Amino acid sequence: MLRIAKLELRRRKSKDVTLIAVMSITLSALIAVQILNSGVSLDDGIYTINIPIDFKPFRTSSNPDLIVKDGYVILRGDFKSYSAFDEFRKYIRQEYNRWVYENYGDRAFPVLIRLHKIPTEIHIEGHLERVKKGKVTELPQTTPKPVERVIEKTPTLTVSGEKKVERKVISIESPKKQEYLLPENLQPPILFKKFAYAFMLTLPFYFIAQVFTSSFMEDKIKRRFDVLLSVVSENQVLIGRVLPYMTIGLVLSTSIAFIFGGNILVIPLTLSILILMLSIDSFLVFLSRSYKELSFLSMVVTLVVTSYLFIPAVFSFIPMSNLSPVTILVKCLSGEKIDYSYILLSILHLSIISLVLFYLTMRSFEFMYSQSLIGKMIELSTKLTDRYYKVFLFTFLSIPFVLLIELFMLSVTFPLKNYIVILVVLAIVEEFFKGLFIYSASLNGLSPYISATLSALGFFAGEKIILLSFIPTNVAGMLVLPLLAHVTSAFIFALTMRCGFELGVLSASTFHSIYNGLVLWMLLR
Amino acid sequence: MDAVKIAKKDLKSLTKEKTIVLAIMLLISISSLSQIIAFGLTVLYSPSVHTEIRIGLVGSGIVFERVANPIHFKNLEKALLSLKKGEIDVVVVLKENSSGINYIDVYIPREEFKAVKIMPSLRDVMMKYQDELRKCMGIPVLSLRTLDSEGRYLNIPEGISIQFRVIYTVLIPLLAILTAIIVGVYVIDIFCEEIEKDTIELLLCCVNVRDIVFGKMLAVFIVSIILTVVWIIGLLLNGVMINVSLTILSSFIFYLMVVSLALLTVNFSIRREKSQLVFSLIIIPLILSFLAFNPSPLSLIVKSSLSIFDISVLIFAIVDVILFSLALKTSKNVYNV
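Same order as they appear, the protein sequences are chains A and B.
Going letter by letter, the first sequence gives residues 3 to 527 in the numbering used here.
Going letter by letter, the second sequence gives residues 474 to 810 in the numbering used here.
Hints listed in this document are in silico derivations from the structure and should not be mistaken for laboratory results.
Each hint should be verified, as a subset may be incorrect.
[Said to hold, decoys possible] Simulated coverage check for chain B against chain A, where a stretch passes if three residues somewhere in it have a Cβ under 8 angstroms from a Cβ of chain A:
1. 552 to 558
2. 613 to 619
3. 638 to 644
4. 690 to 700
5. 786 to 796
[To be verified] Stretches of chain B that chain A covers, calculated by requiring three or more beta carbons in the stretch to come under 8 angstroms of a beta carbon on chain A:
6. 705 to 713
7. 754 to 765
8. 770 to 778
Keep in mind the model is a prediction, meaning the values are calculated, not measured.
Each residue gets a CB set at the ideal place from its N, CA and C atoms; glycine is no exception.
So here's chain B without its partners, still in its complex pose (with noise of 0.2 angstroms):
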């Protein structure tokens, strides 16, 4: 009883100085912003949003010719010229060997916003006249043929998947980091308030150290709710599909690895500037490692977010009490003394 009226304490403060309602904010931003960004991103690499291209050719070719459809030009000069004057947008210089290695020059406007447009569909009729040389020499094309589960032929556009890895393996993780240093910086702002003010002395006389602990971890977990609920709400209204009850329980997992480690840092710092820069220290390696390792419990929320159970869930379960007994154990040698 005595936590949750520690708990309700911290919150009324965090309510009325409505910092809350910008973390809530950030968190919309992020997930918008790369929402945005997944889009852009989509459109540079998929030749199924760009138009054709008008390929102008140097030389001959005579299976160049029936893939492309080019425009022909007596010298690389007119060509160019042409180029120049936006009437066409690549040039090749071919000088076609159906039975062998073909080296061709491709000129391409310098400037990149032109550049973007041209690569995906220039990529795209290089690979079919590729595959068309191969036919030539008797080589065997692949083709990948692709049906829906009710039979009907289907036509996946090149570079789908780079909307799908933004979304569900940079914005999801990030999202969490955010909420994750948030909760780790306020669980250090709320403890070193207390030391700071002398005010922990007066709880102590009323209260131990077991409830101050629990009280102001039930306000971190009220805190981490409604900023996993905001992003979780961002991302659905954003048309992304993840499953939501395990999506917040990896989360968590995640979160009160973090917050054990901040109030691990407070009671090995005490003071609140160096226990921010510890924190700060600690939590870089950490998450680079939770990137770069797997299991992680970044990897885990990955996961989660797309209804995949993975049983390292438990293991990062039992990191989780360990370093949040720990992180009590020290509470209470720091603060009794």
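If we strip away everything but chain A, and leave its shape as in the complex, we get (with noise of 0.2 angstroms):
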């Protein structure tokens, strides 16, 4: 196994393409701090007005989206215009905010905010202990010195083409640092520029990932695997692959949580994504049948993988956002507490995918040069479900990888803004899943039916574990009709799939669809 990893990693050695490296690496750093630093500037010059002023979005044109005059802001009146204007809004506050601090003063900025954050569902006897002993309720009993002042000074700017006000910076400050807000800083808790570092810092593993598909396409295509698993099994082949680039994303990890202020989190969460995105990319490779099909396949897979892991950290106030890695990554990176049955319930699902992955990579390596994506499906889920236990446990297993398909799907159908669209292709997809496992263990001579009843059993339980994880709902009313419904459209797939596998998939959704219809119909009702 490690002769085998020694031989992936003498592959790699290449002078040019070690500069090149360098050289990409130092280029693209430096450019990440100037956007770090100054922003993006794509922004720049999109939108119009009749005044010039200093603003980077704005320019001046004969046909603007906005015209002041006269003490007035008159907009066009479309989306671009309006957008516009909550832009020049925004300008023209922090211009009024300098005007009016040196007119007037600290006496300017009248409202300073302490923002305090208590729980509300849980122990907040704790808090008001200290509220009773005087810690928190205590107005400050010294006036700091809330403002800062004159940075840089510009020129002189008209801003309606009657008053000139003389633009300086200001930060505002208390003298505990960023304790006081000005009410306009107050923002949703959304964060954004940890986001930015989030998606930089695991930007490398995808790169990583990359490099592993390419090399372990290319032993494929030459059929290098042949020759290897003449030698040694299929286990050690694997394994002996993907060490070097663990080592690779481990000596990584290591360094940023050692840069991050040694937060030793960062390191399994950070390996847990580059070890997913590997076992993706290994299955893939069994799964395409040349160089252009995988390049494809896996710009479609990372994009939602990548959705998957990245959409929930915007959107972090959700609970069920803690289902990301990533979403405790940016936490962690901003000192937040984190409840550690959430990063191990994260780190924990996506190494149960990626165990799956790996483990049906091994199984795969015979029948790598099948031709039809379908088939080979078949060939892999035969060999798995050869009891009728594995029936029931591969179904339930299979379920993050139907959610992430549905995810996939869902953004595809969205802009046809048809609910009976959606609903079809989304049962679809269970049908597929569920049916492959009945069909292959027919194949293998067991019952369709009990398999039939054993792979709804498997996809129901496996959909309510992780739908129920974070959504409190009445249990019992959610149980009952979901578990007929998936019974019954198994048994019409194990009836008709004597027809064809893909027929027998079709029956089963048309089933499930009028269900799905049925079910929406009811709750809009």
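Fit chain to chain and form the complex, with the hints in mind.
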């Protein structure tokens, strides 16, 4: 195994590529620093106004989005002009704050707010204890000096053609740094800046995975696996190939953790993302027939996984977002305390997905050269479902993949704004996976009806465990009807699959779609 | 004519593997997901979409009471218990001084999903309060009055620009970047395929290098047209207004740059694995620099989508011609050998 890993590392050695890599990383780092300091420049000059203002997104035009005239702002009336006004308002507020400070001093900011975040669901008593002891109720006894002034002086600016305002940059701070806020600085607790950091931190892991994919596919195309498998086992080949990339990932994670104040939580979080990417890519190599197919498949899957990892971090206030390690990584970087059960759940569920994919890859070596995608999946699942309990187990374990594919299909069908299409597509995805294990079990000589019941139960159990972990709801009411629907559609598949796998999926999906439609109709009624 | 035949061959192979369908689904998916995020962010940041919040007041404040209409509490303990029960959303501890600075302690729920709901409205109330205090102190207050083109008063909600920015400065560049990467990878694939299968030598017996390069570029051009039309239709279906012709023009300037670099990479590396790695290493700092500096091909796409014509289009067109000529020349050197 170690020899295979060593061989993999030796293949990666190339002087000119190393030089390009060093240059690329250095250049990217320098530009990233520039972006962090000055922001992206894509919005320069996107709005138009009739008077010159010193604000990059605006430029003057004869047919502007905004006209400043006689103390009014006249808008053209479209979405762009509304957006331009929203930005213009922010700019004018900044200018006003400068002007008012210069003319009225500290008095110009009569409201300074100190925020306290109180748990309102649990353990409020602890805080009340502190309140009683006088630790948080007291108003400040001494008057802090809230405003530090004047850093830079820039040319005179005319805002409305009447009043001249001298621009100066002011920073508002209290003696205890950032303790007090101006009202305009009250924002929802969305961690955008940290989100950008998290994106930059995980980006290198995507590249590690890409290099691995390319190398692994080359092994397949050049039939190197055939040679290796004659002397070592599938497990050893896969682990040997993955090991160098995991080691590089570990070194990288440790460095990141060290740079960000020795927070060791960063290591398992980032590593779980890398392992997930490696497992997905190794499985994709076996599914793909050519480099071209692998490139496109890999891009789609990477997008779905990135959405799954990053979108929850944008909406981190929703409890379910903690399922993503990126949400937790973002919180870690901002110094927030995180419940260990969330960390465990997040890493654990990604690890299970990765282990399942690695396992599937190991079992796929012998038919990796088959041509059809569905054919490959049937071959693989046939190898897996030789016992009844395995039908239940693998349908159960397929749920995270079903959810990921459903997320992707939802986003593809979203522009159609047609509920019927969305319901049908979701039904097809679910019935495909349920049917796959029933079909392959029957190829192994197992009863299709027992397999149908087990597949329905496995799917139902997996689906409800994930959803009910996050959505507190009346459990009993949610269980009976979906279970019956899953069992019925599985039986329809078992009855019709004799005419072919595709027809089985189609008939089961038709029933499932009608069921989905009826549920939606009842909810909307 | 030979070039057209070569383009046909490559396109036939692409449709046979149905990989183009995946690329189309990918672009539609990104377009939709970004729309969902943009909508979510607008909801988060805009007070106009939130209901009024219930404020509990501990202390005194004549002006504050006028602005916020709070519920009074005798002490902080009772106010915090009320906050816990969900009877109020915020507790404000204030001893109002209408002629000086007011240091206000505000208690909000720690749970983010509650705080998110409260913050935009709290900000709105506190800004109104600040304005009222300024008026009391004789400080002029900023008032922006907006009219539409027919002279009617308008009330523009706060945060409306977030959705606009996400669509035009994040989503559209992202779709263009992704299309460019797809066609770049496609260029590497179709050239390396010929090299690895030794079919390039067979082709060179019948046609010259120039025809091979132009034929393959024609196939890439057709693929990029399909993908670009798909994401533009996706945007239009989602209600995003863009200047279609200018967007296509500026996108193609960007694609040609990336495609030429991909071809240069193949000519430099020959092997597929190495080409893909080198292409990735070049494209990352390049795209980052397009984000950081203006003008760039990406800022050109943003402006074009908003019907803004930028003269930098000519500069980038010249850069494209130079890069493509260089790629063609190196191809001749490599394959003729």
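Checklist line | Verdict on chain A covering the stretch 705 to 713 of chain B, where coverage means 3 or more residues with a C-beta closer than 8 angstroms | finding: Answer holds; 3 residues pass the 8 angstroms Cβ test.
Has the stretch 552 to 558 of chain B got at least three residues whose CB is nearer than 8 angstroms to a CB belonging to chain A? holds (count 4)
Quiz item: Within the stretch 690 to 700 of chain B, is the number of residues with a Cβ closer than 8 angstroms to a Cβ of chain A three or more?
Solution: violated (count 0)
Are three or more residues of the stretch 786 to 796 of chain B within 8 angstroms, CB to CB, of chain A?
violated (count 0)
How does the stretch 754 to 765 of chain B fare against chain A when you require at least three residues with a CB closer than 8 angstroms, holds or violated? As far as the stretch 754 to 765 of chain B goes, the hint holds, because 8 residues have Cβ atoms under 8 angstroms from chain A.
Has the stretch 770 to 778 of chain B got at least three residues whose CB is nearer than 8 angstroms to a CB belonging to chain A? n = 4 at 8 angstroms, threshold three: holds.
Counting residues of the stretch 638 to 644 of chain B whose CB is closer than 8 angstroms to a CB in chain A, do you get three or more?
holds (count 3)
Task: Three-residue Cβ test at 8 angstroms for the coverage of the stretch 613 to 619 of chain B by chain A - done: Check passed, 5 qualifying residues.
Of the hints listed earlier, those the structure fails to meet are numbers 4, 5, in rising order.
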